[in-house]
Amino acid sequence: MAESNDRLERAGATVVVVSFDARERAAWLRDRLHLPFVIALDPHRNGYRSFALRRASFLRTYTHPDVVSFYARALLQGQIPGLHRGQDRRQLGGDFVLDRDGVIVLAHPEQGPEDRTPVGSILRAVEDAAS
Amino acid sequence: MKADVRAPDVTFATLTGEELRLSALRGAPVVLTFLRYIG
Numbered sequence: 001m002a003e004s005n006d007r008l009e010r011a012g013a014t015v016v017v018v019s020f021d022a023r024e025r026a027a028w029l030r031d032r033l034h035l036p037f038v039i040a041l042d043p044h045r046n047g048y049r050s051f052a053l054r055r056a057s058f059l060r061t062y063t064h065p066d067v068v069s070f071y072a073r074a075l076l077q078g079q080i081p082g083l084h085r086g087q088d089r090r091q092l093g094g095d096f097v098l099d100r101d102g103v104i105v106l107a108h109p110e111q112g113p114e115d116r117t118p119v120g121s122i123l124r125a126v127e128d129a130a131s
Numbered sequence: 001m002k003a004d005v006r007a008p009d010v011t012f013a014t015l016t017g018e019e020l021r022l023s024a025l026r027g028a029p030v031v032l033t034f035l036r037y038i039g
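Line by line, the protein sequences give chains A and B. Those letters in the first sequence? Residues 1 to 131, per our numbering, in order. Those letters in the second sequence? Residues 1 to 39, per our numbering, in order.
Next comes chain A alone, as it looks inside the complex:
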């Protein structure tokens, strides 16, 4: 993570992490992970809608093999996964890189809960946008 942060800093990039969760939860996450980024709150999900981030289907959320194996491993290690009642587990996230003019040069709306943007792709897009 330190190397990634260095590359982001060299590119002069601003990183904004958006959460639809409550302010307290977002602050907890920032502190727990020591996130050096701007944390933005979007409780009404206007940003999520504006960037066309969907909600996954029930089946994709709960029965994807990667999701099932994650929870199976946790249970085998004696960990009881939290149920997170009351939270929307189907809302998907995503990653976007904007260039200096606000043009989207990388867009990765998640297709499911197991879908993640490779960090290298984000860093390359940032460096290209900065050059």
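There's no promise every hint is true.
Which residues of chain A face chain B? A partial, calculated answer using Cβ under 10 Å [as the list claims (entries may be wrong)]:
| # | residue |
| --- | --- |
| 1 | Val-17 |
| 2 | Asp-21 |
| 3 | Arg-25 |
| 4 | Gly-94 |
| 5 | Gly-102 |
| 6 | Val-126 |
Honestly, the hints are just simulated from the structure, not real lab data. For each residue, glycine too, the CB sits at the ideal point set by N, CA and C.
Following the hints, put chain B in place on chain A, whose structure we already have.
Just chain B, lined up with the frame of chain A:
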């Protein structure tokens, strides 16, 4: 995926209660990461 379209000018609130408008960040690259739920 390269989209080549201008980002919507969304306004968020920061943890300190300030307003953060995406267009105010122009002039440098921006990484925008939308989280799923926080477990």
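Numbers of the earlier hints that this structure fails to satisfy, in rising order: Failing hints: none at all.
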